[in-house]
Amino acid sequence: MRVFVTGSIAYDYIMVFPGRFRDHILPEKMHVLSVSFLVDSLKRRRGGTAANIAYNLALLGERPVVVGTVGDDFADDRHWLESRGVDTTGLKVIPNEHTASCFINTDLQDNQITAFYPGAMAHAASISLRELGVSKNDLVVIAPNDPKAIVRYTAECTEAGIPYLYDPSMQLPRMDKAQLEAGCRGARVLAGNDYEFGMMAEKMGLAEDTLRRLVPITVMTRGEAGSLLTVEGQEYEIPPARPEKVVDPTGAGDAYRAGFVTGMARGFSWPVVGRLAALAAVYAIEQRGTQEHRYSTEEFVARYRANFGPSEEIDTLLAGASRRG
1 MRVFVTGSIA
11 YDYIMVFPGR
21 FRDHILPEKM
31 HVLSVSFLVD
41 SLKRRRGGTA
51 ANIAYNLALL
61 GERPVVVGTV
71 GDDFADDRHW
81 LESRGVDTTG
91 LKVIPNEHTA
101 SCFINTDLQD
111 NQITAFYPGA
121 MAHAASISLR
131 ELGVSKNDLV
141 VIAPNDPKAI
151 VRYTAECTEA
161 GIPYLYDPSM
171 QLPRMDKAQL
181 EAGCRGARVL
191 AGNDYEFGMM
201 AEKMGLAEDT
211 LRRLVPITVM
221 TRGEAGSLLT
231 VEGQEYEIPP
241 ARPEKVVDPT
251 GAGDAYRAGF
261 VTGMARGFSW
271 PVVGRLAALA
281 AVYAIEQRGT
291 QEHRYSTEEF
301 VARYRANFGP
311 SEEIDTLLAG
321 ASRRG
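No gaps in the numbering here: position 288 of the sequence shown is 288 in the numbering used here, and each next residue is one more.
By construction, these hints were calculated from the structure, which means they are not laboratory data. Hints may contain errors.
[To be verified] No farther apart than 30 Å at their CA atoms in a straight line, the calculated lysine-lysine pairs in the BS3-like style are these:
1) Lys92 - Lys148
2) Lys177 - Lys148
3) Lys136 - Lys148
4) Lys177 - Lys136
5) Lys177 - Lys245
6) Lys245 - Lys203
7) Lys245 - Lys43
8) Lys29 - Lys92
9) Lys92 - Lys43
Throw the hints in and build the complete structure from the sequences for me.
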């Protein structure tokens with residue numbers, strides 16, 4: 001089974017202002033606001049839901065196909081993803097455009113001023129899964145993206161009977177009831193955090209418990225409380241893995257989804273699938289940046305045992321790693 005990961009591909013430009021924004025804003029002049037902040041540092045980090053999930057899948061030994069639109073500025077990072085084991089044949093370069101970019105300026109009180117430029121992501125709906133040769137034997141991950149692209153991909157998968165994981169999460173505010181119903185209708189898996197499930201249920205006019213039984217499998221992450229898998233009505237409470245340190249929670253959800261897809265694709269039992277996903281998420285929160293963490297298969301399996309005990313299913317990851325080696 002091939003895994004196609006659709007979603008955003010973006011850069012985060014992270015700046016730090018060595019002061020407080022409020023000290024440089026005059027309340028009585030808000031109607032003519034014009035400010036400039038001299039920042040101490042600027043870092044560009046790789047990001048985007050599709051790229052994050054694909055990167056984590058590759059860490060776990062999968063060979064995912066990342067699907068999305070990028071700008072002329074993405075060539076170096078395309079090669080970087082390929083060198084990490086990600087198939088980039090599903091990327092489409094939009095001429096004379098920049099890859100989607102988020103500009104985040106943070107002051108010493110953790111206040112933020114953010115600007116987001118969708119750039120090439122605005123053209124994501126121009127990609128056809130059908131033209132990429134996706135079949136019923138594959139799995140498609142539909143992660144947050146341009147809303148028109150999300151609608152197109154869910155429609156293509158539903159019409160062709162292609163199984164997909166539906167995760168509108170960050171785009172929920174821009175999606176209406178009909179779009180969410182269509183997305184859930186053909187989904188094999190519905191994923192989100194507890195807040196997002198509440199928002200989806202409210203928009204669709206359903207009780208949250210009803211929503212969790214609307215599709216065959218639902219995945220609800222709950223932060224430090226772990227996660228809840230519901231499979232054909234059967235619930236599995238998944239404990240969290242223990243982090244060595246908490247640096248930045250950004251990207252944990254994407255890493256969790258990659259772990260979940262890996263376990264499901266390999267046919268692991270649901271308690272093991274959930275625990276594998278929980279451990280994958282922990283690596284992401286221990287680093288600043290969503291594609292900065294690293295681990296070998298041996299390290300991952302050893303840490304799984306330390307957190308959850310031995311598992312013959314998890315041990316099969318080692319056999320796969322030795323074959324790849």
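Hint by hint, here is what the structure shows:
| no. | hint | verdict |
| --- | --- | --- |
| 1 | Lys92 - Lys148 | holds (16 Å) |
| 2 | Lys177 - Lys148 | holds (15 Å) |
| 3 | Lys136 - Lys148 | holds (23 Å) |
| 4 | Lys177 - Lys136 | holds (27 Å) |
| 5 | Lys177 - Lys245 | violated (39 Å) |
| 6 | Lys245 - Lys203 | violated (36 Å) |
| 7 | Lys245 - Lys43 | holds (22 Å) |
| 8 | Lys29 - Lys92 | violated (45 Å) |
| 9 | Lys92 - Lys43 | holds (25 Å) |
Hints 5, 6, 8 from the list above are not met by this structure, while the remaining hints are.
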